[in-house]
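Engineer: Protein chains in written order, with the working numbering: chain A, 1 to 344; chain B, 345 to 688.
Keep in mind that the hints are not guaranteed to be accurate.
Where chain A lies over chain B, by a calculated footprint (3+ residues, C-beta under 8 Å) [said to hold, decoys possible]:
{"#": "1", "stretch": "453-464"}
{"#": "2", "stretch": "501-509"}
{"#": "3", "stretch": "566-580"}
{"#": "4", "stretch": "604-614"}
{"#": "5", "stretch": "635-648"}
Take a look, some chain B residues computed to stay more than 12 Å from chain A by CB distance [unchecked claim]:
{"#": "6", "residue": "399"}
{"#": "7", "residue": "417"}
{"#": "8", "residue": "482"}
{"#": "9", "residue": "554"}
{"#": "10", "residue": "586"}
{"#": "11", "residue": "652"}
{"#": "12", "residue": "675"}
Computed beta-carbon distance windows for the label pairs [what the hints assert, rightly or not]:
{"#": "13", "chain 1": "A", "residue 1": "110", "chain 2": "B", "residue 2": "394", "range": "50 to 60 Å"}
{"#": "14", "chain 1": "B", "residue 1": "584", "chain 2": "A", "residue 2": "102", "range": "38 to 48 Å"}
{"#": "15", "chain 1": "A", "residue 1": "4", "chain 2": "B", "residue 2": "574", "range": "49 to 59 Å"}
None of these hints come from the bench; they were simulated from the model. Cβ coordinates follow ideal geometry from the N, Cα and C atoms, glycine included.
2 protein chains.
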Amino acid sequence: MTRRNGDPTGLHRVLDDAVVLPQAAERLDTRRELWPDEVRIRVERLNLDAASFRQLERKHGGDRDAIRAEVVAIVAARGKMQNPETGSGGMLVGVVEEVGPDSPLGLTVGDRVTTLVSLTLTPLVIEDGLDDWDGRDEQVPCRGYAVLFGRSIAAVIPDDLPAEVSLSVMDVCGAPALTHRVVSGYDRPTVAVIGGGGKSGSLSLAAARRAGARRLIGIVPHEEEAARLRAAGLADEVVVADARDPIALRDAVEKAGGPADVTVVCVDVPGCEGGAILSTADRGTVVFFSMATSFSAAALGAEGLAADVTMLVGNGYVPGHADLALQLLREHDGVRALFESRLG
Amino acid sequence: MTRRNGDPTGLHRVLDDAVVLPQAAERLDTRRELWPDEVRIRVERLNLDAASFRQLERKHGGDRDAIRAEVVAIVAARGKMQNPETGSGGMLVGVVEEVGPDSPLGLTVGDRVTTLVSLTLTPLVIEDGLDDWDGRDEQVPCRGYAVLFGRSIAAVIPDDLPAEVSLSVMDVCGAPALTHRVVSGYDRPTVAVIGGGGKSGSLSLAAARRAGARRLIGIVPHEEEAARLRAAGLADEVVVADARDPIALRDAVEKAGGPADVTVVCVDVPGCEGGAILSTADRGTVVFFSMATSFSAAALGAEGLAADVTMLVGNGYVPGHADLALQLLREHDGVRALFESRLG
């Protein structure tokens with residue numbers, strides 16, 4: 001094989017004929033040797049994306065061996081873990097094994113890290129056939145190696161928190177970081193978080209408070225979750241509303257002190273665009289973190305409502321996002337309690 | 345029929361069982377009588393969305409009578425023009441016939457206007473069976489009436505420009521207005537407009553200049569369009585690149601003086617997210633106006649590239665958007681020439 005020139009995006013490891021980025025590639029080059037700006041990780045565990053694992057479980061009717069065999073086969077064929085049905089991957093945990101001389105990631109051999117870029121673009125080799133995985137959940141013990149590019153991101157796992165909690169926080173750390181940035185741009189705003197009782201939602205509420213929000217409204221789908229979020233003490237008002245019903249959502253937010261200057265959408269159900277737009281004040285901002293967001297529903301919805309709102313695609317990367325999220329967890333018992341109850 | 349309480353979104357005219365906004369509704373109430381904040385328009389012409397018209401043409405193999413019959417049938421069944429296949433509508437031109445006492449739109453009986461909200465949410469009755477339409481293009485002469493809601497938008501057609509040019513400008517006027525706002529937030533930025541030779545692209549270049557851009561880069565798909573855009577004098581650099589090839593686009597923008605502080609995506613082809621992100625500087629902004637944008641490709645793409653860029657869903661509504669776009673056309677001969685050449 002010839003050795004292509006390295007590119008910080010990892011383009012040099014794409015084996016497809018067309019020029020595509022690693023995430024869009026059919027197949028990646030998984031050779032052990034590093035390009036100068038790369039890092040190799042000794043893998044300990046894969047965390048499959050929940051939607052991907054559920055799809056595999058459904059497809060194989062819960063046959064654990066078949067699930068395991070399919071994950072091994074996907075990674076062998078594509079050089080990365082990307083569920084062909086859901087398109088999603090997950091993240092991994094491991095120990096830094098080698099750091100290329102030009103790597104900008106600031107990692108040291110021996111660091112225990114989690115990747116903050118998706119497995120869908122991470123070259124990966126499984127060496128143990130996933131023999132230690134029972135196929136019962138998305139936590140996959142794994143021996144093998146993975147490669148990070150110049151523009152990848154990884155975070156060192158802190159010592160003072162259970163690893164599972166840290167990982168669970170890092171998985172959603174883009175949301176509080178971007179929420180913090182957006183809320184900081186307003187003067188003591190009202191902030192509504194749709195799905196405020198979830199992982200990214202509770203962290204986003206805490207981030208909004210730290211960024212100077214005057215009034216925090218948490219929206220949850222049912223009374224049980226409302227009780228949990230009230231107990232966590234993260235919001236000034238907790239309201240129950242179906243986020244897919246635009247008028248119900250608008251009216252609920254208004255009753256709780258809205259419209260919001262900043263509305264953060266953290267629920268993974270389709271059809272929340274209209275309600276989020278209607279719940280937001282003129283010159284306000286809606287941040288969409290849900291992968292179920294429809295671009296055209298948001299764009300045409302705002303136009304159709306003559307709504308002068310800024311709408312952001314929730315970028316999962318903001319510098320310092322993992323550190324901020326871990327800090328929020330350490331400082332807010334309510335956030336920690338919600339996370340621990342979800343890890344159950 | 346009972347008379348429901350009015351809502352500025354037009355919810356009171358939704359006839360569906362579920363609570364949905366007019367755009368998502370299966371059927372709207374088209375009664376002539378106005379709610380207090382509504383306006384009725386005497387329709388002169390419909391401008392069908394181009395994608396919708398092409399779909400109808402393909403479906404009926406160019407049979408003009410069948411195309412006409414289908415549009416009449418859709419409007420009769422749904423109370424609005426929304427192509428069930430493409431989901432899109434278009435806009436209309438007409439004269440204000442009656443203004444409800446509480447209408448906030450500032451219109452006067454006799455004003456000749458175009459609607460700036462989609463036909464997909466506009467109650468519409470066709471009275472002439474579209475007898476005067478030859479079915480050959482998306483300009484549809486029509487007698488009938490339409491209703492605007494409290495939160496709708498309409499613009500008075502100016503006297504000093506050919507009506508066709510005005511309409512064509514108003515159709516895309518959200519793009520230059522939002523571009524102007526975003527560019528104004530940076531200090532003498534570099535701005536790249538992907539699809540700079542098109543209608544929304546050329547207006548966005550002119551808007552970026554007015555908002556204080558230091559350097560304007562126009563990206564076009566082939567040499568012929570490059571020559572036209574160079575002749576229009578709207579960009580400092582015009583480069584030819586395939587916007588679907590992320591590396592080619594990044595390198596082309598870099599060569600032209602990038603990366604860009606603001607990248608505006610105005611081309612309606614899928615797969616431009618990665619290239620737009622890579623062409624944009626750290627802390628820069630990408631504005632997606634293309635309806636072919638994939639929300640998840642943008643979100644996961646930026647995360648996968650560790651790109652600290654703000655990504656905006658191009659909202660078609662910004663206050664004053666129609667006036668700004670018409671001004672830009674009047675002030676820039678280059679914009680006007682491009683529009684006139686496209687109206688051919």
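Engineer: Give a verdict on every hint.
Structural biologist: The hints, checked one at a time:
no., hint, in the structure
1, 453-464, "holds (count 4)"
2, 501-509, "violated (count 0)"
3, 566-580, "violated (count 0)"
4, 604-614, "violated (count 0)"
5, 635-648, "holds (count 12)"
6, 399, "16 Å, holds"
7, 417, "23 Å, holds"
8, 482, "18 Å, holds"
9, 554, "19 Å, holds"
10, 586, "9 Å, violated"
11, 652, "6 Å, violated"
12, 675, "24 Å, holds"
13, 110/A <-> 394/B: 50 to 60 Å, "59 Å, holds"
14, 584/B <-> 102/A: 38 to 48 Å, "32 Å, violated"
15, 4/A <-> 574/B: 49 to 59 Å, "34 Å, violated"
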